[in-house]
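J.: Chains as they are written, first to last, in the working numbering: chain H, 1233 to 1457; chain X, 85 to 334.
The set of hints was computed from the structure by calculation and includes no laboratory data.
Among these hints, one or two may not hold up.
Output of the computed footprint for chain H on chain X, the stretches with three or more beta carbons under 8 Å from beta carbons of chain H [stated by the list, open to error]:
no.: 1; region: 102-110
no.: 2; region: 117-123
no.: 3; region: 183-196
no.: 4; region: 237-248
Computed beta-carbon distance windows for the label pairs [as the list claims (entries may be wrong)]:
no.: 5; chain 1: X; residue 1: 247; chain 2: H; residue 2: 1278; range: 47 to 57 Å
no.: 6; chain 1: H; residue 1: 1300; chain 2: X; residue 2: 201; range: 26 to 36 Å
no.: 7; chain 1: X; residue 1: 165; chain 2: H; residue 2: 1266; range: 26 to 36 Å
no.: 8; chain 1: H; residue 1: 1433; chain 2: X; residue 2: 127; range: 46 to 56 Å
no.: 9; chain 1: X; residue 1: 291; chain 2: H; residue 2: 1435; range: 57 to 67 Å
no.: 10; chain 1: X; residue 1: 247; chain 2: H; residue 2: 1285; range: 26 to 36 Å
no.: 11; chain 1: H; residue 1: 1443; chain 2: X; residue 2: 259; range: 24 to 34 Å
no.: 12; chain 1: X; residue 1: 165; chain 2: H; residue 2: 1284; range: 26 to 36 Å
no.: 13; chain 1: H; residue 1: 1444; chain 2: X; residue 2: 261; range: 51 to 61 Å
no.: 14; chain 1: H; residue 1: 1446; chain 2: X; residue 2: 261; range: 27 to 37 Å
no.: 15; chain 1: H; residue 1: 1266; chain 2: X; residue 2: 201; range: 23 to 33 Å
no.: 16; chain 1: X; residue 1: 272; chain 2: H; residue 2: 1343; range: 31 to 41 Å
Derived contacts from chain X toward chain H, CB cut-off under 7 Å, selection only [said to hold, decoys possible]:
no.: 17; residue: 141
no.: 18; residue: 145
no.: 19; residue: 167
no.: 20; residue: 176
no.: 21; residue: 178
no.: 22; residue: 221
Beta carbons: idealized from backbone N, C-alpha and C, even for Gly.
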Amino acid sequence: MDYLTYLSIAIPKLMAGLLISFKVTLVSLLIGVLIGVPAAFARVYGPKWMQRIVIVFIEVIRGTPALVQLFLVYYGLPQFGVTFSALTSAYIALGLNSGAYQTEYFRGAIQAISSGQMQAARSIGMTRMQAIRLVILPQAFRLVIPAWSNEVVSMIKISSILYLVAVPEMMTVAKELYARYFNPFQTYITVGVVYLIIIGIITYLLGLVEKRMKIPGMELDKRSA
Amino acid sequence: MDPNKNVIVKIEDLHKSYGQEEVLKGISLDILEGEVVILVGPSGTGKSTLLRCINQLTVPDAGRVWVRDVELTDPKTNIDLARQHIGMVFQSFDLFNHLTALDNIMLGLVHVLKMDKDAAREKAMMELDRVGLANKYENYPGQLSGGQKQRVAIARSLAMEPVVMLFDEPTSALDPELIGEVLVVMKNLALDGMTMLCVTHEIGFARDVSTRIVFMEHGNIVEQGPPEIILNNPKLERTRQFLGKISDLH
């Protein structure tokens, strides 16, 4: 079978796998934001004990491979009677994983905002929560976009480990394809190119978002002024 | 001091230390309605700390502060509510970077004073006009000069209708040619009868506008009095020395 014929069979199947990769990435990123934003604020503004909890969480997640985290949820928890499907395990493990990284990204963004912003907000009578919501968060969301783009790309690639718990994402589909057509080189080159194109598009789109969200007059780093 | 005037700010035996270093060693100071008090003194003598201890952005270790009749150092006081009416202007302007000049002023009106948007916009435009920047209402802070930023910051505070304005070295971060426009705004404010407490090295401004100059050093008030006396004929040699030095500079 020539490569083009192979592609006409492989691409639709790979796309179905890609959709699942996307779904896992999206859900994990979403869980990650829901963990990351409050955890970052707790890390910067919270009481000492809260900061410590966040630091431990971040270090544990960042200091262990995502695959170990996934296996702990999928294979480990059933030992204690807690059983999740492979997909749910993926959401939990990768969501927590992304949460830790996003905490660090948001923390960086929050700390890049000069402390004068908080003070100015408090000085006109805002509560701390109001200052965070109305002044710090809108700026943090803009500042975090470059780091956040990395996290998106990283999650798309990490989602390939779901192959190891038999979620039918793109790598799982690829394995099936080459088992059938005995062409691992063509198969994985194709998978690689698909990842490359998808990540290229996403990077481009997030670059547009970043440009679009840029605060006028802040193209140069005048943040502290 | 005129006993017929209301006391707006009352500071009683205020202490503040950072680690081993005591920056405020028991400061007491009353500011009457309509007074323009200038705080001068060498850097590191606690002038800014004193200012920040008034609205509790810095929490003093001991001592009490009242603004009007509200004791800000009382833990039962709702400090957010109290701060609504204490304007503060910072050396680094600290305009909200993600908002236009107009939105900078509106933010507090809408979310703190709960004004409706149209009324807030009208009020904010008025305040911008008052500092001569009505035509810059759509500009973001990054698109304004330092002097313009500081004028917007003043307008942001004024919009909250403060009973006193605290200025923490409002012109120290500005290029020399931009200082004048900010001082003009401050002067007009003083002429309108605003009660002001101002940390600055602008001796000319102190001479023209202030009702009292307070000289601080090493966490204490060393000498205070009307500008003509403090600037021309202070009691203490130290005051004369210091003021001589900064007058040479300005």
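J.: If a hint holds in the structure, say so; if it doesn't, say that too.
T.: Here is how each hint holds up against the structure:
no.: 1; hint: 102-110; verdict: violated (count 0)
no.: 2; hint: 117-123; verdict: violated (count 0)
no.: 3; hint: 183-196; verdict: holds (count 4)
no.: 4; hint: 237-248; verdict: holds (count 4)
no.: 5; hint: X:247 <-> H:1278: 47 to 57 Å; verdict: violated, 34 Å
no.: 6; hint: H:1300 <-> X:201: 26 to 36 Å; verdict: violated, 52 Å
no.: 7; hint: X:165 <-> H:1266: 26 to 36 Å; verdict: holds, 32 Å
no.: 8; hint: H:1433 <-> X:127: 46 to 56 Å; verdict: holds, 54 Å
no.: 9; hint: X:291 <-> H:1435: 57 to 67 Å; verdict: holds, 60 Å
no.: 10; hint: X:247 <-> H:1285: 26 to 36 Å; verdict: violated, 42 Å
no.: 11; hint: H:1443 <-> X:259: 24 to 34 Å; verdict: holds, 31 Å
no.: 12; hint: X:165 <-> H:1284: 26 to 36 Å; verdict: holds, 33 Å
no.: 13; hint: H:1444 <-> X:261: 51 to 61 Å; verdict: violated, 36 Å
no.: 14; hint: H:1446 <-> X:261: 27 to 37 Å; verdict: holds, 29 Å
no.: 15; hint: H:1266 <-> X:201: 23 to 33 Å; verdict: holds, 30 Å
no.: 16; hint: X:272 <-> H:1343: 31 to 41 Å; verdict: holds, 38 Å
no.: 17; hint: 141; verdict: holds, 6 Å
no.: 18; hint: 145; verdict: violated, 20 Å
no.: 19; hint: 167; verdict: holds, 4 Å
no.: 20; hint: 176; verdict: holds, 5 Å
no.: 21; hint: 178; verdict: holds, 4 Å
no.: 22; hint: 221; verdict: violated, 13 Å
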